[in-house]
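Given chain A, work out where chain B should sit, using these hints.
2 protein chains.
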Amino acid sequence: MKFMKDKKILVVGLGMIGASYAKKLREHGLYVGGISARQSTIDYALENGVIDSGSIEVTSDYVKRFDIIISALYPKLFIEWVKNYQQFFKSGAILTDTTGVKCSVLYEIQSFLRKDVELIGAHPMAGREVSGIESMDTGIFEGANYLITPTDANTPEAVETARKIGEMLGFKSISVLSPEEHDEMIAFLSQLTHCIAVSLMCCKDSTHLVDYTGDSFRDLTRIANINEKMWPELFMMNRSELLEQMNLFEKEFSKLRKAVEDRDVQTIREMLILSTSRRKQFNR
Amino acid sequence: MKFMKDKKILVVGLGMIGASYAKKLREHGLYVGGISARQSTIDYALENGVIDSGSIEVTSDYVKRFDIIISALYPKLFIEWVKNYQQFFKSGAILTDTTGVKCSVLYEIQSFLRKDVELIGAHPMAGREVSGIESMDTGIFEGANYLITPTDANTPEAVETARKIGEMLGFKSISVLSPEEHDEMIAFLSQLTHCIAVSLMCCKDSTHLVDYTGDSFRDLTRIANINEKMWPELFMMNRSELLEQMNLFEKEFSKLRKAVEDRDVQTIREMLILSTSRRKQFNR
Chain A
349 MKFMKDKKIL VVGLGMIGAS YAKKLREHGL YVGGISARQS TIDYALENGV
399 IDSGSIEVTS DYVKRFDIII SALYPKLFIE WVKNYQQFFK SGAILTDTTG
449 VKCSVLYEIQ SFLRKDVELI GAHPMAGREV SGIESMDTGI FEGANYLITP
499 TDANTPEAVE TARKIGEMLG FKSISVLSPE EHDEMIAFLS QLTHCIAVSL
549 MCCKDSTHLV DYTGDSFRDL TRIANINEKM WPELFMMNRS ELLEQMNLFE
599 KEFSKLRKAV EDRDVQTIRE MLILSTSRRK QFNR
Chain B
349 MKFMKDKKIL VVGLGMIGAS YAKKLREHGL YVGGISARQS TIDYALENGV
399 IDSGSIEVTS DYVKRFDIII SALYPKLFIE WVKNYQQFFK SGAILTDTTG
449 VKCSVLYEIQ SFLRKDVELI GAHPMAGREV SGIESMDTGI FEGANYLITP
499 TDANTPEAVE TARKIGEMLG FKSISVLSPE EHDEMIAFLS QLTHCIAVSL
549 MCCKDSTHLV DYTGDSFRDL TRIANINEKM WPELFMMNRS ELLEQMNLFE
599 KEFSKLRKAV EDRDVQTIRE MLILSTSRRK QFNR
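Residue numbers (our numbering), protein chains in the order written: chain A, 349 to 632; chain B, 349 to 632.
These are computed hints drawn from the structure, not numbers from a lab. Each hint should be verified, as a subset may be incorrect.
[To be verified] No more than 25 angstroms apart at the CA atoms, straight line, and that leaves these computed lysine-lysine pairs for PhoX-like:
| # | chain 1 | residue 1 | chain 2 | residue 2 |
| --- | --- | --- | --- | --- |
| 1 | B | K552 | A | K628 |
| 2 | B | K606 | A | K552 |
| 3 | B | K603 | A | K552 |
| 4 | B | K628 | A | K606 |
| 5 | A | K577 | A | K552 |
| 6 | B | K603 | B | K628 |
| 7 | B | K603 | A | K606 |
| 8 | A | K603 | B | K628 |
| 9 | B | K599 | A | K599 |
The shape of chain A in the complex, shown without the other chains (with noise of 0.2 angstroms):
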């Protein structure tokens, strides 16, 4: 990581993700500064050993001593922060952020980024259902995929600045693909299945069957607990992918169930051979 060593890094937005984030690369011994709204959470980040400094204004004074600046907000508030506050960036800085979703965010602030500056996508796959600086925890990132999103304006040394952060965080492992099959990808293994589990919790009121509730129930609305102000964002942010995935589980849904109506044994039997033969696959 030697490159790194006299890099200045500033986080922005000090919640679970942007938290855990810079105390984990402070550790590796990065001078790291962090914007928040609220005073009390740089005051708790600073107490905490979590930045070096911080701030709850933006100033070009404060923004351009940095060399790399993460984002870790919400998609929609990241696209304004940039457009608010892109005139205060080092020449030359580095932009990564944090979000779930990549299209819809990394060519819009493309689009209106100065050119003297680089936004490379980054995805961290380690969310947790909890929120604020209090749940921060540096250990989250370890049996987790980092998943970097280069579009055609990315250069090979941001790629590579993303990666280092991304083993310094101790990432398990870290892959590189377009932003268009991250986020078909998303919609899929994780959109779909939060869709999936939320409906399932919607159908009854199930707690009086709690007693009787095995492993699969639990399995598969396990993640039906869910942040209800960032998955809408998220939803809305990657919506024509999402409704593709959710139209093709739909149909694979209605066919088991006329198969079922129609007492066609046969059908079922396929349909349950090859999720069997699939599932195979994913075992660890």
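Then chain B, alone, in the frame of chain A:
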């Protein structure tokens, strides 16, 4: 368990569940016999201390020795077996089962069962996606639920016998509920969730996504590894309940899909809040 000590128990079907039952009951000092279609299974069971005696033939001489008969056959086969061999049962014998659907099995058998014999339904919620006597495991009952499903045809004594069996097997909790309540609950908690997991795996060949797969997708599809012989039979024998639960889920999922399509963030948020508050009841 005093009153059980002198009872002889016959287990019909020595697959994973039947053999685990037999071995565990024998550990309590009971005399346990076994019936299997294959001599190799009987031999294995005798060699491994699963049963005291066994037979591949169903004869009056053998069957009439037993006070309690436990079927660990698939549901349809169970019905046929009772139809074919009930004339061999000892008068006053108690018959119980292990099938995962209740109404269609119990009411059918009770409609033709000899009047001097009693069938009390039971469902050990302790399946594994493995089969055969070699997979037996007397530890699988420990954390699991045992459900007793009496009908109007049952006596309190038979319920008590089923309860004693559940206790000896070591189940964590034992509940009594009607076959109708059982089938609705199992359609929602177990059959619907399996249908969802299977549909999700059938959506697309997702094996290239293995590297990116976080816990949510793994959690939702763990039960997509499913026995294609038994489950279609269970679906068919609980068809109308399952269809009702599938329709319920489809309605909620469509509502969420439409909200995403219409950019109706308010509805999405309401579903997420409801889902989160209900899921909290299932945390443990």
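Hints and how they fare:
1. Only pairs whose Cα atoms come within 25 angstroms are accepted, and K552/B paired with K628/A is accepted, the gap being roughly 14 angstroms.
2. About 19 angstroms separates the Cα atoms of K606/B and K552/A, which keeps this hinted pair within 25 angstroms; it holds.
3. Proposed proximity of K603/B and K552/A is supported: the alpha carbons are some 14 angstroms apart, at most 25 angstroms.
4. As the CA atoms of K628/B and K606/A are separated by approximately 33 angstroms, the hinted pair breaks the 25 angstroms bound.
5. With a C-alpha separation of about 23 angstroms, the suggested pairing of K577/A with K552/A holds against the 25 angstroms cut-off.
6. A hinted pair counts as satisfied when its Cα atoms are at most 25 angstroms apart, and K603/B with K628/B qualifies at roughly 22 angstroms.
7. Proposed proximity of K603/B and K606/A is supported: the alpha carbons are some 20 angstroms apart, at most 25 angstroms.
8. At roughly 32 angstroms between alpha-carbon atoms, K603/A and K628/B are farther apart than 25 angstroms, so this suggested pair is violated.
9. A C-alpha spacing of about 14 angstroms is found between K599/B and K599/A, which places the hinted pair at or below 25 angstroms, so the restraint holds.
Hint compliance for this structure: hints 4 and 8 are not met, and every other hint is.
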